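Chains as they are written, first to last, in the numbering used here: chain A, -15 to 321; chain B, 10 to 618.
By construction, these hints were calculated from the structure, which means they are not laboratory data.
Because the structure is a prediction, the values reported are computed rather than measured.
Mixed in with the good hints there might be a few duds.
What the hints assert, rightly or not - Covered stretches of chain B, going by a simulated chain A footprint (3 or more residues, C-beta under 8 Å):
(1) 248 to 261
(2) 289 to 302
(3) 464 to 474
What the hints assert, rightly or not - Derived lysine to aspartate or glutamate pairs resembling EDC-like cross-links, with alpha carbons at most 16 Å apart:
(4) B:Lys198 <-> B:Asp40
(5) B:Lys464 <-> A:Glu319
(6) B:Lys464 <-> B:Asp428
(7) A:Lys27 <-> A:Asp(-10)
(8) B:Lys423 <-> A:Glu319
(9) B:Lys261 <-> A:Glu310
Ideal Cβ placement from N, Cα and C applies to all residues, glycine included.
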Amino acid sequence: MLTQQDFKTDQEVRWCPGCGDHAVLAALQRVLPVVAEKLHYNKEDFAVVSGIGCSSRLPYYVNAYGFHGIHGRATAISTGVKAANPKISTWQITGDGDALAIGGNHFIHAIRRNIDINILLFNNEIYGLTKGQYSPTSKFGSVTKTSPYGTIERPFNPGELVIGARGTFFARTLDGDLKLTQECLLEEALHNGTSVTEMLLNCVIFNDGTHSHFAGRDARAEKTIVLRHGEPMIFGANRDKGLALDDMKLKVVNLGENGITDKDLLVHDATEPDTAIHMLLAAMKSPDFPVALGIIRKVQDAEYNQKVQEQANEVFAKRKITTITELLNSGETWEVK
Amino acid sequence: MANFTERNDIVIRFSGDSGDGMQLTGTLFSDTTALLGNSVSTFPDYPAEIRAPQGTVAGVSGFQVHFSSSPIHTPGDYYDVLVAMNPAALKANARWAKRDATLILDSNAFDQDQLAKAGFCTNDPLVELKMENYNIIWAPLTSLTKEALKDSGLDLKSVLRCKNMLALGMCYYLFNYPLDHTEEYFKKKFAKKPQLVACNTTVLRAGYNFAANTHSFANTYKVAPSQLEKGKYRIINGNIATAWGFIAAAEKSGRPLFCGSYPITPATGILEELALRKDLGVKSLQCEDEIAGICTSIGAAFAGSLAVTTTSGPGLSLKSETIGLAVMTELPLVIVDVQRGGPSTGLPTKTEQSDLMQALYGRNGECPTIVMAASTPSSCFHYAFWAAKLSLEHMTPAILLTDGFIANGSIPWKIPDMDSYPEINPPIAKEGENYLPYRRDERRLARCWAIPGAKGLEHRIGGLEKDAIKGNVSHDPLNHQKMTELRAAKVAKVVDFIPAQEIIGDKEGDLLVVGWGGTYGHLLVAVKKMQKESKKVSMAHFNYINPLPKNTKDILGKFKKILVCELNMGQFASYLRMQFPQHDFLQYNKVQGLPFTVEELKIKMESVL
Chain A
-15 MLTQQDFKTD QEVRWCPGCG DHAVLAALQR VLPVVAEKLH YNKEDFAVVS
35 GIGCSSRLPY YVNAYGFHGI HGRATAISTG VKAANPKIST WQITGDGDAL
85 AIGGNHFIHA IRRNIDINIL LFNNEIYGLT KGQYSPTSKF GSVTKTSPYG
135 TIERPFNPGE LVIGARGTFF ARTLDGDLKL TQECLLEEAL HNGTSVTEML
185 LNCVIFNDGT HSHFAGRDAR AEKTIVLRHG EPMIFGANRD KGLALDDMKL
235 KVVNLGENGI TDKDLLVHDA TEPDTAIHML LAAMKSPDFP VALGIIRKVQ
285 DAEYNQKVQE QANEVFAKRK ITTITELLNS GETWEVK
Chain B
10 MANFTERNDI VIRFSGDSGD GMQLTGTLFS DTTALLGNSV STFPDYPAEI
60 RAPQGTVAGV SGFQVHFSSS PIHTPGDYYD VLVAMNPAAL KANARWAKRD
110 ATLILDSNAF DQDQLAKAGF CTNDPLVELK MENYNIIWAP LTSLTKEALK
160 DSGLDLKSVL RCKNMLALGM CYYLFNYPLD HTEEYFKKKF AKKPQLVACN
210 TTVLRAGYNF AANTHSFANT YKVAPSQLEK GKYRIINGNI ATAWGFIAAA
260 EKSGRPLFCG SYPITPATGI LEELALRKDL GVKSLQCEDE IAGICTSIGA
310 AFAGSLAVTT TSGPGLSLKS ETIGLAVMTE LPLVIVDVQR GGPSTGLPTK
360 TEQSDLMQAL YGRNGECPTI VMAASTPSSC FHYAFWAAKL SLEHMTPAIL
410 LTDGFIANGS IPWKIPDMDS YPEINPPIAK EGENYLPYRR DERRLARCWA
460 IPGAKGLEHR IGGLEKDAIK GNVSHDPLNH QKMTELRAAK VAKVVDFIPA
510 QEIIGDKEGD LLVVGWGGTY GHLLVAVKKM QKESKKVSMA HFNYINPLPK
560 NTKDILGKFK KILVCELNMG QFASYLRMQF PQHDFLQYNK VQGLPFTVEE
610 LKIKMESVL
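Start from the sequences and build out the full structure, keeping to the hints where you can.
In structure tokens, the structure reads:
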């Protein structure tokens, strides 16, 4: 069996000390051997594609077929890899700028096509490699080098974007939770369709602590909820809080108060095709709500390459033209003697 | 019908509203002439709007067919016969009439309303256009069609859509052509709608009979079959030929064909044909935009496909950055630019050659690629094949330039024998090798292509500068200099693998006419005419632009004058000046969205001699 070591390269990892990217790299290198085992891949069957940004350096550190693309185009490039060779387990590394600003169009259209690529969306809410400008996920009012008086732009929530485009897989994790990150990555690989995991990462240099009000070690239990398919939505250090639906809206309830039991709570169904509840869950913001983590949405739908293959099989079964010579001689032709 | 005059060649132009079916009419007519052995060349000329305001000059759609008993190379400058379905069509084409032209006009369509829409001031358009002395045939196409189909049960709109077939029937009578081929077409096209087969056949025959019975034409004509080289022929246009060239290259290389693209006029026909060819294992992906078109293709190239992307000028602009990525990662990738009038959206349906500089230089950094151009509709097959071969074997992107004129124009084509095409052997890395991504072979300087799925060849490449051997990211100053020089040298070395530049005519003389790409036919005819008049004029028409063939320098030195003719403001002339500053390059340029005419070329050649 392959090990984490098999997926390491001799390249020196050059992210800043304390950057959340290190944790995701470690998680990926641990998950790939498991994916290989479960889906019968060999080491040479993995491709890791990226765009531009701090996170997009990651392919150089994974001993697989790696392609470091250009800014914003990772999704289109990985789509090409997977469309050309569906047998390759294709992983895409991208950031909040790469995927949601310059590459926003490719991102939503890959999701629409539902091609089986595994996207790792590193979200640190800042442009790091260009040294600190606001990104499409920076909080409203963020003071950055290009918003010295605070941004006046509303941020994207990547989950709402994915689910709004009827994405079939969306998960969210924290750089500080290696176990959950590995779980999400493994589920991405097992899902047949475009899967997106949003990694909430810390940029120690330009946006330190942007997620810590809910992701910090002390806050995490009270301020986040890890959703598990089939289980009631409970959170809190003492597991004394839950999520219920009230008048089409989510509501935080305290278990034991007013006779509320876990029977009154929502039970997470990641496989529900309707997007409404998933959208509400993905949109939850601290401090009013716990931030949703884990597999928020995982539904089965037609996968792009599978449909391509079905069409090709149909055409092949009935085909009359099998070579270029037959094509050249097909249709209306005449002989000059 | 016993009396007819033999003619060597005829140019006929079908012209009407965008919705009048002129493209189909012209295509059916040219198919018939080709099947009967004539040399044929066609020129579809249509507006950018799908249905421009009815009856206006802006909305006129035309299809010109040149057919002959001897080899021809252009769709002709001026027409012998014009079919005008309305006053606007007459007005739009007035200036292209030969002195003794025959005009077939739909008399029903020349009412006050239509005359006003076409911008005529009086009720006598022929006088206004000073065309009253032409051979005018008034035919009530609309009412005859209605009459012919009165018992058909077809609704009025559908009835009126058949009137182009009435005009076509008349033309078949005029040139003594049989109707069978077109009737066969109806049977195939409307196999599931027998009513339409019957109606179109009825109207076609009605047109033929009307011309016969009313003695519409004082004379009818016959154009004898052309002495074409023996063999099997078909009609082909440039876009289909381009698509097929890539399919041929995929077969010869054993690499699966992938095309990521985005619809754009006039290149879309290539993507459409490739989308159809699932029977030959072609994968096509219509992307969300031009950039995704080339990016999916580069992903496919990384994954081991023969990757192509197709576009026109504005799309080439959008693809620039990714072409740079292909140059940097040294992956094979063919970019087809079917040129149209620019800049910006420009003239989407009209031809031009103004993307040459963009193809050569339109990228950031020192970023050389192979640049080639096809020169006729059928040669698109050949050059698409060769662009793919060179790109695959030299591990570098290649840009293939065609244009709206050859992409949409069609000609009879002697079907090539695929045994006469060479194998394609891309340098694919083998399992078990100690793979170094940027190690090169000496002859081509091409690196090896390691394809995902191959054991032990895992590697990382990307847009950052790479170490000359290992391919790891390198910011070393001397390495960057070395890599920049290597990428240039690799493209320059392609010169050893392309044919020498041919000269049409004597190897030395008073004037060398230089052209490239889709102007071939017009230049050839003009030069041949000059040669017939014993002028010392020769022609060099370029298909390989970067690199230029080795003997280019020798050729240029043998003529007193050099005239570079192109449908732009002098881009190839500037390129030649850069490479051969010792020569004086005269220019002849045209940017009207139209091909050259033989006449204007000849006048220019005479003036510089």
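Results for each hint:
1. Coverage of the stretch 248 to 261 of chain B by chain A holds [criterion: at least 3 residues with CB-CB distance below 8 Å; count 4].
2. Under the rule that three or more residues need a Cβ within less than 8 Å of chain A, the assignment of the stretch 289 to 302 of chain B holds, with 9 such residues.
3. For the stretch 464 to 474 of chain B, the stated coverage by chain A is satisfied: 10 residues place a CB nearer than 8 Å to a CB of that chain, which reaches the threshold of 3.
4. Taking the CA atoms of Lys198 (chain B) and Asp40 (chain B), the gap is near 15 Å; set against the 16 Å cutoff, the hint holds.
5. Restraint check for Lys464 (chain B) and Glu319 (chain A): not satisfied, since their Cα atoms lie roughly 50 Å apart, outside the 16 Å limit.
6. Taking the CA atoms of Lys464 (chain B) and Asp428 (chain B), the gap is about 34 Å. The hint is violated against a cut of 16 Å.
7. Between Lys27 (chain A) and Asp(-10) (chain A) the CA atoms are separated by roughly 8 Å; this keeps the pair inside 16 Å, and the hint holds.
8. Proposed proximity of Lys423 (chain B) and Glu319 (chain A) is supported: the alpha carbons are some 9 Å apart, at most 16 Å.
9. Using a Cα cut-off of 16 Å, the hinted pair Lys261 (chain B) and Glu310 (chain A) holds, with the two alpha carbons roughly 14 Å apart.
The structure fails to meet hints 5, 6 from the earlier list, while all remaining hints are met.
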